[in-house]
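Using the sequences and the hints, build the whole thing.
Residue numbers (numbering that gives the first Met the number 0), protein chains in the order written: chain B, 0 to 333; chain D, 0 to 333; chain H, 0 to 333; chain L, 0 to 333.
Honestly, the hints are just simulated from the structure, not real lab data. Among the clues, some could well be false.
Treat identical chains as interchangeable: a pair holds within one or across any two.
Said to hold, decoys possible - Listed next, the in silico DSS-like pairs over lysine-lysine satisfying Cα-Cα at most 25 Å (straight line): (1) K24 - K291; (2) K17 - K31; (3) K17 - K291; (4) K312 - K327; (5) K3 - K17.
There are 4 protein chains.
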Amino acid sequence: MDSKICRIGIIGAGRIGKLHAQNLKNHLPQFKLVGIADPQIDTSWAQQLAIPLVTKQVEDLLFHQDIDALLIASPSDQHLVQIAAASESGKAIFCEKPIGLNEADIKAVLATVKNNRTLLQLGFNRRFDPSFAHLQNEVARGAIGSSQILKITSRDPACPSSAYCATSGGMFMDMSIHDFDMAAFIMQSEVVEVYASGAVLINPDFAALNDVDTAIIQLRFANGALGVIDNSRQAVYGYDQRIEVFGSKGMLLADNQLQHSVSLHIQSVTTAANPEYFFLERYQQAYIAELKAFHSAWQSNSASPVSGEAGLKALQIAQAANESLAKKMPVSLL
Amino acid sequence: MDSKICRIGIIGAGRIGKLHAQNLKNHLPQFKLVGIADPQIDTSWAQQLAIPLVTKQVEDLLFHQDIDALLIASPSDQHLVQIAAASESGKAIFCEKPIGLNEADIKAVLATVKNNRTLLQLGFNRRFDPSFAHLQNEVARGAIGSSQILKITSRDPACPSSAYCATSGGMFMDMSIHDFDMAAFIMQSEVVEVYASGAVLINPDFAALNDVDTAIIQLRFANGALGVIDNSRQAVYGYDQRIEVFGSKGMLLADNQLQHSVSLHIQSVTTAANPEYFFLERYQQAYIAELKAFHSAWQSNSASPVSGEAGLKALQIAQAANESLAKKMPVSLL
Amino acid sequence: MDSKICRIGIIGAGRIGKLHAQNLKNHLPQFKLVGIADPQIDTSWAQQLAIPLVTKQVEDLLFHQDIDALLIASPSDQHLVQIAAASESGKAIFCEKPIGLNEADIKAVLATVKNNRTLLQLGFNRRFDPSFAHLQNEVARGAIGSSQILKITSRDPACPSSAYCATSGGMFMDMSIHDFDMAAFIMQSEVVEVYASGAVLINPDFAALNDVDTAIIQLRFANGALGVIDNSRQAVYGYDQRIEVFGSKGMLLADNQLQHSVSLHIQSVTTAANPEYFFLERYQQAYIAELKAFHSAWQSNSASPVSGEAGLKALQIAQAANESLAKKMPVSLL
Amino acid sequence: MDSKICRIGIIGAGRIGKLHAQNLKNHLPQFKLVGIADPQIDTSWAQQLAIPLVTKQVEDLLFHQDIDALLIASPSDQHLVQIAAASESGKAIFCEKPIGLNEADIKAVLATVKNNRTLLQLGFNRRFDPSFAHLQNEVARGAIGSSQILKITSRDPACPSSAYCATSGGMFMDMSIHDFDMAAFIMQSEVVEVYASGAVLINPDFAALNDVDTAIIQLRFANGALGVIDNSRQAVYGYDQRIEVFGSKGMLLADNQLQHSVSLHIQSVTTAANPEYFFLERYQQAYIAELKAFHSAWQSNSASPVSGEAGLKALQIAQAANESLAKKMPVSLL
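Right, dumping it as C-alpha cells:
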C-alpha cells in the first residue's frame with residue numbers, strides 16, 4: 000500500500016513525549032515530525048533529533064497550518080483543553096491517557112470530537128503489545144470458545160514516590176486504569192460491576208494519602224464472565240504483566256517477556272532471567288505499533304482503534320473501584 | 000529412625016477408600032492394614048489385596064481391640080458419628096473432609112476429640128503435594144519476605160452431574176473448600192473476610208440448584224494480605240491446579256504437572272503436554288505423603304499436621320463465601 | 000482383558016533386584032513373586048516383602064517347577080550362563096543388560112534362546128520412560144516427517160568410583176550402551192557407522208584405566224540420518240536425560256523431569272527445580288512399565304519388546320565406539 | 000561518557016548494507032552516515048534515508064577525506080581489495096564475513112591491516128546477541144567451572160536455492176562458519192581438531208554440488224573440551240539457534256527467542272509460539288550492538304572485539320571440516 004505521510008506535532012516533551020519523538024524519527028517513516036512544544040523544552044535534545052520546529056508555545060502547534068495530527072503528551076490536566084483546541088483546529092489527535100479526571104468534562108470534549116469527526120486515539124499502549132494483541136486475537140477468533148474468567152496480573156517494579164502518588168489520582172486512576180482498558184479490550188464486553196479490595200503493604204505513607212499500594216479488583220462483564228486484576232506497586236523481580244483468559248474450550252496465557260533466554264543449571268538450583276524491567280522495555284514495540292495503527296486509521300479515515308469512549312469507560316471503572324474500596328461493596332456500572 | 004507399625008482399619012471402600020487401601024499395602028510399610036468395612040464391600044477386590052478382615056459392619060473396626068488407627072472414608076454424613084465413636088474407642092483418626100456440614104456438630108465432636116486427646120488428621124491432601132509443600136516451605140522460610148497476595152487457580156477437568164451437585168453442598172463446600180484450606184495453610188494466617196462472586200456458565204442446570212459452576216473468591220487475611228481463588232467446574236485442558244504467592248521480596252509460582260515432557264515443533268506451532276488429568280494422577284504422591292505424616296504424628300505423639308480445627312475453619316470460609324454470594328457483599332469471619 | 004498371573008523368580012538381590020522385587024509386589028499384580036536367589040541374600044529385607052522362597056542357590060529358581068519366568072539381575076558375568084539355563088529350563092527371561100561382554104558368546108546364547116523359542120527381554124528401561132516412549136511414538140507416526148538428526152544428552156549426576164569403572168567395561172559399555180539402544184529404538188534404523196571422541200576431564204584416574212569420563216559419539220543410521228550422543232559421568236545439577244529428534248517436518252524434544260514445579264522470582268534472578276536426581280527417581284515408572292510389557296508379551300506369546308538382538312546391537316555399537324576412540328577414525332558396523 | 004561522532008560510509012547496498020544503514024540512522028547517533036556506494040544503488044531508498052552521498056563508485060568512499068570508517072557489505076569476492084584500500088586510506092573498517100576465501104590472501108591483507116594499525120572488526124553478529132553474550136559472559140566468569148562440552152544447534156528455516164549454494168563455498172563456509180566463530184568465542188579456546196559428517200537429506204541437488212544440507216561437526220578445543228555443532232538448511236519450525244555449555248560446576252543453556260509469549264491450552268494439547276523466523280528478526284539487536292562495539296573500539300583506540308584473526312580462524316575450521324568430510328577422518332588444526 001502507498002503510505003501517505005502524516006505531518007505530526009508533539010505537545011509535551013517529558014519522558015513519554017521524547018519516547019514518541021524518537022519512535023517517530025527512527026521507526027515510523029509514515030510520519031513527518033514537524034515540531035514539538037513544551038514550556039520547558041530541552042532544546043539540545045530536540046536539535047539532536049533535527050526536529051524542524053521547537054517551541055515553548057503549545058499554540059504554535061495547535062494552530063499550525065501544515066500539521067495533520069497532534070500527539071498530546073502534556074501533563075494530564077492539560078489534555079482536555081488541548082484535545083478541544085486540536086479538534087477545533089481540524090487535527091487528528093493521539094492523546095496519552097487520561098482524557099480528563101472528571102466524567103462531565105470528558106463527555107463534553109468527546110462531544111466536540113464527535114461533532115468535528117476528529118480522529119482521537121488514546122495511548123492505551125498495552126493493546127498493541129505483540130503478545131497481548133495475539134492473545135486478544137485468539138480470544139476474538141474463538142480459540143477458547145466463550146470467555147468465562149479473565150485474570151490480569153499487573154505489578155510495577157518499584158513504588159513511585161509518595162509525592163507522585165499524592166497527585167496521581169490514586170492507584171486505580173493512575174495504574175489500574177491500563178488494566179481496566181485491557182479487560183474491556185480482551186473480553187470485548189463491558190464491565191458492569193466492580194468490587195475492589197486494597198491494602199497498604201509497601202509504603203505506609205500511602206495510608207495518609209487514602210491510597211493503596213496493593214489491590215485485587217473483581218470485575219463482572221456484560222456477557223456474564225468474571226474477571227480479576229491483581230495490582231502491586233512493587234514487584235522486586237521486575238515488571239509483571241501477565242494475562243490469562245479461561246473459556247469453554249480452553250485457556251490462553253500471555254506470560255512475561257524475559258530479559259534473555261539463558262538458564263543456568265548448577266548444583267543447588269536452576270536459574271533464569273527475570274522479566275523486562277519496566278514499561279519502556281516491555282512495551283517498546285507497543286509504543287511503535289500504536290502509532291502505526293493511528294496512521295492507518297488516519298490515512299484510511301476509519302474508526303479509532305482506541306476511542307475516547309474507551310478512555311471514558313476505563314475511567315468509570317476506576318471510579319467504581321474507588322467507590323467500592325470506600326464502601327466495601329460491589330459497585331454497579333449499569 | 001525405627002518405625003513402629005501402626006495397625007489401621009479403613010471405614011468406607013469407595014473410590015477414595017480403595018485408593019488409601021492400595022497405598023497402605025504398596026507404599027506404606029509403616030502401617031498394617033488390618034481390616035476394611037463397608038456395607039457394600041467389594042469382596043473380591045478386598046481379597047486380592049489380602050486384607051485380613053473384610054466386613055460390612057463398621058462397628059467391627061470402630062471397636063476392634065487390635066487396631067491403633069482408623070481411616071474414615073465413608074459418606075460425608077457419617078463422619079461425625081464415626082469420629083466420635085473412634086475417639087471414644089481410643090483410636091487415632093484420619094478422616095476425609097468434611098468433618099460435618101454444620102458448625103455446632105463439628106465443634107461438639109472436636110471437643111470430644113480434644114477431651115480424649117485423640118490424634119485427628121483431615122484428608123486435605125493438597126498440603127502434601129510435593130510442589131505445594133515446597134512452595135509453602137519457601138513462604139515459611141521467608142523466601143519472598145512478607146506475603147502480600149495469594150492466588151489460587153483450581154479448576155476441575157469435567158463438570159460433575161447435576162445429581163451429584165444437588166447433594167454436594169454447593170461448589171464452595173464441595174470443591175473450593177480444598178482451596179480455602181490451602182489458602183490458610185500457605186499464608187499461615189487466618190482468613191478474616193470473604194467476597195465471592197459466581198456464575199453459571201457451564202451447566203445451566205446449576206442455576207436451578209442455586210449453585211454456581213464458575214467463581215472468583217477474594218480473601219483478606221489476618222496479616223493484612225489479600226488473596227483470590229478462581230474456580231471452574233470444567234477446564235477442558237485438564238486439572239488446573241496452580242498457586243502463586245507474591246511478597247515483599249519476590250514471588251513463588253507452583254505450576255501444573257504435565258503428562259510428559261515432550262514438545263513438538265512444527266511449521267505452524269509448538270505443542271506440549273497438558274496437565275495431569277485429575278486428582279488421582281496429580282495428587283498420587285500427596286495421598287501417600289499425608290499418611291506418612293499421619294504415621295509420624297501418631298508415633299511421635301505430636302500434633303496433627305491437619306487438625307480438625309483446620310477443617311472447621313475451611314468450612315467457615317465456605318459458609319462465608321455462600322453468604323457473600325447470596326448477599327453480594329463481603330462477609331467478615333471475625 | 001483377563002490377566003494371567005505370571006509366576007516369577009528373581010536372581011540377584013542387589014540394588015536393581017530389590018527394586019524389581021518391590022515393583023512386582025507393589026505395582027504388578029499380574030505377577031506372583033515366587034522366590035529370590037542371591038548368595039548374599041538380605042534375609043530380613045526378603046521377609047519384610049513376604050517372598051515365599053528366599054535362597055542362596057540360584058539353581059533353586061533356575062530349575063523351579065512352578066515358575067514361569069526369571070528376572071536376571073545378577074552380576075553381569077553370570078548373565079550368559081543363567082540365560083542359557085533358564086532357556087533350557089523353559090522359563091521366560093527378563094534380563095538386565097548386558098547379555099554378555101563378548102559377541103561370540105552372546106550369539107551362542109541367543110541361538111539357544113531362539114531354538115527354545117524363549118521369550119527374552121532385556122532391561123533397557125529407558126524405552127519405557129513415558130516421555131521417551133511418547134517421543135518414539137511421535138517419530139513412528141510421522142509427526143516430524145523423516146528423521147534427519149538425533150541428539151541424545153545423557154549425563155550421570157556423579158562419577159562412579161575408579162574401582163567400579165575398572166571392571167565396568169569402560170564408559171561406552173557401561174553407560175553409553177543405554178544411549179546406543181535408545182538411538183536404534185527411536186530412529187527405527189540401524190546404526191551403520193560410529194565416530195567417538197572422548198576426554199578425561201573429571202577424574203584423572205580414568206586415564207590410567209584407559210577410560211574416558213566425557214564423550215561425544217556420532218552415529219550414522221542406515222536410513223541416512225545422523226546422530227550424536229554426549230555423555231558425562233558427572234553433571235552436578237542432576238541426571239540429565241534429554242532426547243531431540245529433528246526431521247523434515249519438525250522437531251521433537253523430550254526434556255528433563257524436574258523435582259517439582261515451583262519457581263521463585265526474586266530481585267536478582269528466577270530460580271527453578273533441578274532434574275530428578277538419578278535413575279531410580281527418573282525411571283521409576285519405566286521400571287514398572289518394562290515389566291508390564293514383559294508380562295504382556297509372555298501372556299500373548301508375542302515377540303519381545305526388547306529382544307536379545309537389540310542387546311547385541313547395542314554392544315556392537317559400544318565396541319565400535321571403543322575402536323573409534325582408539326583409532327581416532329570412524330568405524331563401520333556394516 | 001562523551002561520544003565522539005564517527006563518520007562512516009557503507010560499501011554495498013544489498014540486504015545487509017541496507018540493514019546497517021537503517022540501524023546507523025535510527026539507532027546509532029554516535030555515527031554519522033556520510034555516504035553509501037553500490038554499482039546498483041537503489042537511489043530512491045537512499046534518498047528516503049537522507050544519506051548525503053549516494054554513489055555508484057566505491058572509490059568515492061574508499062578515499063573520501065571526511066570519513067573515519069567504512070562498513071564493507073559488498074559481495075564477498077571484493078572484501079580483500081576493499082579492506083586493503085580502506086586500510087591504506089586510514090579508515091577503520093567494519094567488514095562482513097568472510098575476509099576472503101583463501102588463507103594466503105587473508106594473511107596478506109591482515110598483515111597490511113596490522114602494519115597500518117587499522118581497526119578491523121568482522122561482522123560475526125551472533126557474538127552480540129544479548130542471550131549469547133550473556134551466556135559467554137557467564138562462562139567467562141566461571142559460572143559453570145571449567146567448560147567440558149559445547150553444543151551448538153544452528154538450523155536455518157528454509158533452504159537457499161541450489162544456485163545460491165553453488166557459489167556459496169559450501170555449507171561449512173557459508174553457514175557453519177558463524178558457528179565455528181561462536182565456538183571459539185564462547186570457549187575462549189582454539190579449535191584444534193575437527194571431525195565432520197554430512198548428508199543430503201533436504202535438497203537432492205546439493206549432491207551434485209558436492210555439498211551437504213545436514214551436518215554434525217565435532218570439535219576438540221585446546222583446553223581439552225569437546226564440542227559438537229549440528230546444522231540443517233531447513234528447520235520448518237523456524238530459525239533454530241541454541242547454545243549449551245556444560246562444565247564442571249553446571250550447565251548454561253541459551254534457548255530460542257519465541258515470536259510471542261502466549262500459550263493456548265485446549266482439550267487435546269497445549270500450543271506455544273515458534274522461534275523468531277530468521278536472522279533479521281532474531282539478531283535485530285545484535286546488528287546494532289556490534290556497531291556500538293565498533294564505535295567504542297574506534298573511539299577508545301582499543302582492540303577489535305572481532306578481529307581479522309577470528310575470521311581467519313573460522314575459515315580454517317571450515318576448511319578442516321570440508322577436508323574431514325571428504326576424507327572421512329578427523330583433521331588436526333595444529
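How the hints compare with the structure:
1. K24 - K291: Intra 13 Å, inter 20 Å, cutoff 25 Å: intra and inter.
2. K17 - K31: both (15 Å within a copy, 21 Å between copies)
3. K17 - K291: both (17 Å within a copy, 22 Å between copies)
4. K312 - K327: Answer is both: 22 Å inside a copy and 23 Å across each meet the 25 Å cutoff.
5. K3 - K17: Both. Shortest intra-copy (24 Å) and inter-copy (23 Å) distances satisfy the 25 Å Cα cut-off.
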